[in-house]
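Chemist: The lines below spell out each chain.
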Amino acid sequence: MQGDNALDRRTLLKRAAATGAGLGLFHIVPASALGLGGRIAPSNRITIGCIGMGGMGMGNLGAFLGQPDTQVVAVCDVDRNHLNNARAAVNRHYGNEACAAYADFRELLARGDLDALSLATPDHWHAIPAVMAMDAGLDVYGEKPISHCLAEGRAMANAQKRNGRIWQTGSWQRSVGNFRFACELVRNGRIGKVVRIEVGLPTGSPTGPVQFKDPPPELDYDFWVGPSRWQPYCDNRTHWNWRWQLDYGGGQLMDWIGHHGDIAHWGMGWDNTGPIEIEGTGEYPTSGIWDAATRYYFVATYRGGVEMHVANGGNQGIRGGTKWIGADGRWVWVDRGGIDANPKSLLRERIGPDEIQLFRSPGHQREFLDCVKTRRPTTTPAETAHRSASIGHLGQIAMIVGRKIRWNPETEQILNDAAASRLLSTPMRAPWRL
Amino acid sequence: MKCRNTIVAVVLSFMITAGLQAWAQDDPYQALRRYDFQERASLAAIQKEIVAARGSAQRLGAIEVKLIGVLSDASATFGGKQEACKLLSSMGSARSVPALQRMLAGDARTADAARYALERIPGPEASAALRSALSTARGAARVGIINSIGVRRDGAAVTALAKLVSSSDSALRAAALEALGAIGTEPALDTLLKARSSARRDGAVSHALLRCASGLARSGKQARAQSVYTLLVCAGQPAYVRVTALRGLAGIGASNAVAVALAGLKDSNAYVRRGAAQVLAESKRADVTAKAIAAFGSASPEAQVVLLTGWATRGEPQAASAALGALSSQDAEVRAAAIRAAARTAGARAVAPLAEIAAQSGNDGNVAREALAGMAGAPTAQAIVRLAREGKPEVRAALMGVLAERPGAASLAALLEGARAESPIVAVAALRGIGAVGGADEAAPVTAILAATTHDEVREAAGRAVVACAQRSGQRDQAVTAIVGALANASSDARITLLGALAEIGGDRALEELKSAAASADPDVRRAAVRGLADTWTDSAPAPLLLNIAQNDASAAVRIIALRGYIRLIAQDGGIPAGAKIEALEQALRAAQRPDEKRQAFGALRDCREERAASALAAYLEDADLAVEAAEAILDLAAPQKRNNRDLPAVKGAAMTAALDAIIQKISDAGIKERAQKLK
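Protein chains in written order, with my numbering: chain A, 1 to 434; chain B, 1 to 680.
Any given hint could turn out to be false.
[As the list claims (entries may be wrong)] Below, a list of computed lysine-lysine pairs in the DSS-like style, where the Cα atoms sit at most 30 Å apart:
(1) B/86 with A/213
(2) A/404 with A/193
(3) B/48 with B/86
(4) B/652 with B/673
(5) B/642 with B/680
(6) B/652 with B/680
(7) B/163 with B/221
(8) B/291 with B/266
(9) B/291 with B/221
(10) A/404 with B/86
(11) A/344 with A/193
(12) A/404 with B/66
(13) B/221 with B/194
(14) B/284 with B/266
(15) B/652 with B/642
(16) B/66 with B/86
(17) B/666 with B/678
(18) A/161 with B/291
(19) B/221 with B/284
(20) B/673 with B/642
(21) B/666 with B/642
(22) B/666 with B/652
(23) A/161 with B/642
(24) A/161 with B/221
(25) B/266 with A/161
(26) B/284 with A/161
(27) A/404 with B/48
Don't read these hints as lab results, they were simulated from the structure.
Whenever a hint applies, use it, and build me the whole structure from the sequences.
Modeler: Given below as structure tokens:
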């Protein structure tokens, strides 16, 4: 099949990598022969490459390895230890030494035999490989929050639509029964007209003073920093802890808005829209390297006046999880491992075929693979993930500029506030671009 | 005098220095100059000033000047300048541009920091600065500048970028092409087309053209966008370019889009076939759908899957016949997609064929049952219920599971009717469904079915169903009443099942009935009652009765069942004091005829952390079959233990010492002896 498209992709990619160019200009020939059920020959499986082999990346890798119709053929990480660990896990699973390992994701994308990509890099490294992959014809399972800023999210959603790709976000709560049931109760009017939503997320923490030092030899730190602003290396900078730094992540707010904020949207049927006003406050550490808000509270108001109150756990009395409150006091609350309602009898309700039934997932990664075959949009396409992340991004902007901002969810513009509008996108360090 | 002047001068100097130091410490702009990548109080203070100054050009201007001062200060740290650039990016104006432009000429990091601000600062000055730097910057800094020009969609940069399109530096060339694509104007397009003429099969050019066409379409220049897409959709381009170009054509409603898509269905490349099918399936235009349906039969299986899935997703009624026809496809994936599509597009017409498939085992059957469960509309619901009543047994059985997934009175009524069916497979499936959805009201009819049936599997299914109904509804009395009512006239087999159900449901009344049955003259009934109490009952209320049976029943088997149940109930009842529990277990040991039950009692004694338990166990240290287990249990008591997240204390005292001495004397195993010695 590669003969059909024997363009100079490999050459281009290698050249792009050598020169540090941000975009690999290549085409990928998906390994399109797909089977169904039972034991499937490796040549007929969905071929997957994985970028970002830290905690989430390894979790997703395990899920894909467990599917009979996939073949993980390559892994990529800028940390050699992560990379070797992932490659060993894949080879152990298949009982061979076939898994390829790359330090540069552009080389992985240039292989020419991938159908899909599993992307679990830090937030600041989501958009570039994701858009490159989709522009090159790959379907993507990408971690949440989808983006590091609103403009990146829009670019990713556009890339999915433009190329007709399948995208599944790692907002896996949509594949869990109690979340789906809670949303179905809300969607089907079991609590009446919703007037208020509460989204409780975890609380952040600061670091103490740090000592800057050379990065460890196994880590290509400059590549890790990638498109974001350069900061000197120190402990607690990179793996896992990147999420508490605004240059690389978005704190607990952004780490979780793609879960509980996403569920709030799902329950309301707001997958393709967003708030119209956002106002709030955050407390930002003024020392140490972690600079994301540790305590935060903002209110996002939607058309029709529904208010979504987003806060770190306990702040403003908001309980962790997602809670929809109806005009007459009925409510539904849901979190991992829990669901509650007032009245309790709501929990015994059943949703009939003539009501709104949300998708019953066979498993988050499994659904992605099914959609790769059928081209049905997943439960969490890029547009949906972008809208979920938008809640947090807009909250961040409102907290930083210290005033209420008005948002047009159709045009995705901040209204009458040029200064706040500048924060919709984040300039990238050379040579990276989107 | 001179001395006094000197003192005054020194004092003044000290005061000025101290004042300057204090000022420098308090002034966030001074602190910013020393920024060390982690002490951000100065940043927070300046940000606060910016927020407070909103609406005041004068105050914002003053802040901007101070930040420019940081940029221009040679002694300021890189970190400080980088943060100053970030702050300027959010509020800087043309005033900042000269200082930022100077930084563009610096090293790559400094240029990146300056671009961070310039990229966000609106106005022609920033654009001009970037264009100007384009000719002087080198390496990664130059690439970054091109990238920023692309982000700003600076149409005035097209001429300058055009020169770079033919650069031998691939990074520069790629950046320039992409920037032109992002700019998305007609001059940018002309430049890209020229580049294409010299490198027709260059993916970089194709990519830029796609992006440019998208920009042109957004700005209302559909005709030019169409010309680009048409250029790129042809064979010879990479598959992903062709599909994206086709989607571009469809997106602007181009006249040739449908023809290209239909041709794409027959393409030799599977990726293109899927892409074409996706475009056709996404179209909501009736004429497009009609053409796609006409082409469906000759489409490849993977394209058929995509078409069917797309039609299913939007419930396209035009596609019903195609979906129904594809139910008999040779391709398993097509069949699965067709089942889902038929359910979503064909309404009640789909019920009968899907029900036939639902009766099959394997993936098709699973998909069909799931599809039927989710089908909406009253005619569909009526068709399902009708078939559930009138279909052949296999179909009826399959539909019972479907009805259980469709809440409502009609479903429940059909399930109850199915539960009374002569066919055991229908009845069992229906009872399984009732068990999944039924409530207190279903307990009586299900009990009646249980009592009346002659089929073992139906009886067992009914027993499970009545228990499930009672447990789900939380109304045990209704179920118990029904069961008790049925017991009197039930057959022996039915009574056994009913008694088992009673034990599972629980409650005082159930206990009385079970106790009464445990005295039945019918050995099978007696045994069922004892088993219910012994194996299922959840509190120790029936323990005395079970001990009595264990001691006195004529049947050895019943005695064993009762004794094991007795020990289980005593052991698991946390409300019994340890002393009483030990006494009860000693009774069990006395009643036990076999080592198995004695071992079970030993296990229970381990949790009784009192000396008397050790004494009870020590009595078996000379029993050839049980000595080791007894010794192990004593050693367990003698040492602290952690079980089920509970800390159990070690048992100490004279009786324990005596028990340990007895182990040392009577047990031959050296390891056990040694452990006993250590625990003394």
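Chemist: A separate judgement is required for each hint: does it hold in the structure or not?
Modeler: Structure-based check of each hint:
no.	hint	in the structure
1	B/86 with A/213	24 Å, holds
2	A/404 with A/193	26 Å, holds
3	B/48 with B/86	14 Å, holds
4	B/652 with B/673	18 Å, holds
5	B/642 with B/680	20 Å, holds
6	B/652 with B/680	9 Å, holds
7	B/163 with B/221	25 Å, holds
8	B/291 with B/266	14 Å, holds
9	B/291 with B/221	28 Å, holds
10	A/404 with B/86	21 Å, holds
11	A/344 with A/193	18 Å, holds
12	A/404 with B/66	27 Å, holds
13	B/221 with B/194	19 Å, holds
14	B/284 with B/266	21 Å, holds
15	B/652 with B/642	17 Å, holds
16	B/66 with B/86	14 Å, holds
17	B/666 with B/678	16 Å, holds
18	A/161 with B/291	23 Å, holds
19	B/221 with B/284	24 Å, holds
20	B/673 with B/642	23 Å, holds
21	B/666 with B/642	28 Å, holds
22	B/666 with B/652	20 Å, holds
23	A/161 with B/642	58 Å, violated
24	A/161 with B/221	20 Å, holds
25	B/266 with A/161	23 Å, holds
26	B/284 with A/161	16 Å, holds
27	A/404 with B/48	15 Å, holds
When held up to the earlier numbered hints, the structure conflicts with hint 23 and nothing else.
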